[in-house]
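Peer 1: With the hints as constraints, model all of the structure from the sequences given.
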Amino acid sequence: MTPGSWDTASEHLLRDLAPQVLGAVIRRFRDFAAAEDAVQEALVAAATQWPQDGIPGNPRAWLMQVAFRRMTDHVRSEIARRRRESAVAVPCDEPAPASGEANETDPDDTLILLFMCCHTALTPSSAIALTLRAVGGLTTAEIASAFLVPEATMAQRISRAKQSIKASGVSFGLPAHPERTERVRAVLHVLYLIFNEGYTSSAGPQLHRPELSSEAIRLTRAVHALLPEDAEVAGLLALMLLTDARRGARSGPDGELIPLTKQDRSLWDSRKISEGVALVTAALSKGSIGAYQLQAAIAAVHDEAARVEETDWPQILALYDLLKRMSGSNPMVLLNHAIAVAMVDGPAAGLDLLNALDADGRLRGHHRLDAVRAHLLELAGDHPAALAQYHTAAMRTTSLPERNYLLTQAARLRERAP
Amino acid sequence: MKYILMMHCPRKGYDSFGAWPKKDIEAHMAFMHNYNKAIVESGEFVSAEGLADPHEAKIVRAGKDGLPVTDGVFPESKEFLAGYWIVDVASPARADELAAKASAAPGPGGITLSIPIEVRQVLSGPPDEFADQSGIL
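Protein sequences, first through last, are from chains A and B.
Start counting the first sequence at 0; every next residue gets the next number (numbering that gives the first Met the number 0).
Start counting the second sequence at 0; every next residue gets the next number (numbering that gives the first Met the number 0).
Hints are not guaranteed to be accurate.
As the list claims (entries may be wrong) - Derived contacts from chain A toward chain B, CB cut-off under 7 Å, selection only: (1) Asp-253; (2) Gly-254; (3) His-390; (4) Thr-407.
If you are wondering where the hints come from, they were derived from the structure by calculation, not from laboratory data.
C-beta atoms are modelled at their ideal positions from N, C-alpha and C, and glycine is treated no differently.
Peer 2: This is how it looks when you write it as structure tokens:
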């Protein structure tokens, strides 16, 4: 590697190494928070020096050496601080020189780190931030800009997350089996939230923040490589790829949202679709069906229809039936199920199900219920009622692109009215 | 220097926006999209948010016990903040220029809306170094 040829691949190398180096430093020093800071400093040093000096022969050893040096400085200054603060000398061992064993990296480290960062003791927003920094190797500034918050706010969120991990007393190690499955689910949930944040921006005027979706895919790929037998991990990766494949068709030239049924399917990324379809097909054949696999299968049915008229709605309905059973009675699943019913048995059947959801009450005031009702009323030919529902949905959504879309739908119907 | 450009709209603005012809809504959205894109590309964009419908807008004050006391503001207010941009510009004149551009967004029939945009400087500058040296700030 020659100086000046710093590119995305080099950056990926750096970020792939981040969790491996961090794992080794934590095993050596047993202090997650300080180790995380030290590795972050090493990454920043690499990002400034490598583009100029070229990538070192053994980049992992280089990072490890810098991080170990930072840790040693940290431990020394902690000792000095304690000596200053205490009249009684605190017995404290000087850090021993790094043994050969501690310099080894362990493939499970990335997984252990994910388990820590996605621990249920953390709030979702803290878990997301910490995962992106400690496992994704992003800087605080990059994470802050992805979430459109000031850097100081994000730094505080990360530091609180680290305190929560310390307070929760989780140790750096792989949990035993029944617990491990549960912890993998927590990790997948955080990765799913990161992906969604990138795909359907919850803040700001933009619809997509592709860097977050791509990062979620990169991290999920890493988990899939570590747990190739876990069908739900494969399912989530497939779901992300099959959804992300449509990104280029999902908004128009003026940033307007284009729904699945109106998208130019030639803009879909066929490479991502084939990869996603292959992943979900293999996962489903393993026989331990889960919610991510079913959602991926539904996405695959959509993606495999070359034209919207060719969509295999009966198959989608069958998949939603399964998903409904599996997810208890998650109201969002029930809502999508109602759409599938409408597409197979007609809008009246779907509207009946929406009435049941009204009675249920959990989606009261939620714009998605109004938006779906508007859509089904329009299919049923009741345009005045559909218009009113589009308008209500527009006033209730908290997404700016979605509000614009719903207002346009209402205006379209108004103009069609006699 | 940073400025906040606050876009105001009348109380009924949200409802009437929804009643515009479709092509006018689309033209307005395209204008705003391109406006945002231009200030991102010029390196002046800091942040921007659009605010939800003001039907549930309220004013909160601390009561005697420190607990929130809320008043709906909609009965009295004629105008509401509909959204804002924070821009980092080279001069106050540039902030005015950007405000005027946003104000010219098209309305029904493509006629410019002349949206009232309140322009205020954001207190984001570092303390003056000489003041700092003075020891009393």
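Peer 1: Take the hints in turn and mark each one as holding or not.
Peer 2: Hints, verified against the model:
1. Residue-level restraint check for A/Asp-253 holds (minimum Cβ-Cβ distance to chain B is 4 Å; threshold 7 Å).
2. Hint status for A/Gly-254: holds, given a least beta-carbon distance of 4 Å to chain B, under 7 Å.
3. Checking A/His-390 against chain B by beta carbon gives a least distance of about 6 Å; that is within 7 Å, so the hint holds.
4. For A/Thr-407, the interface hint holds, the least distance from its beta-carbon to any beta-carbon of chain B being 6 Å, beneath 7 Å.
Going through the hint list in order, the structure satisfies each hint without exception.
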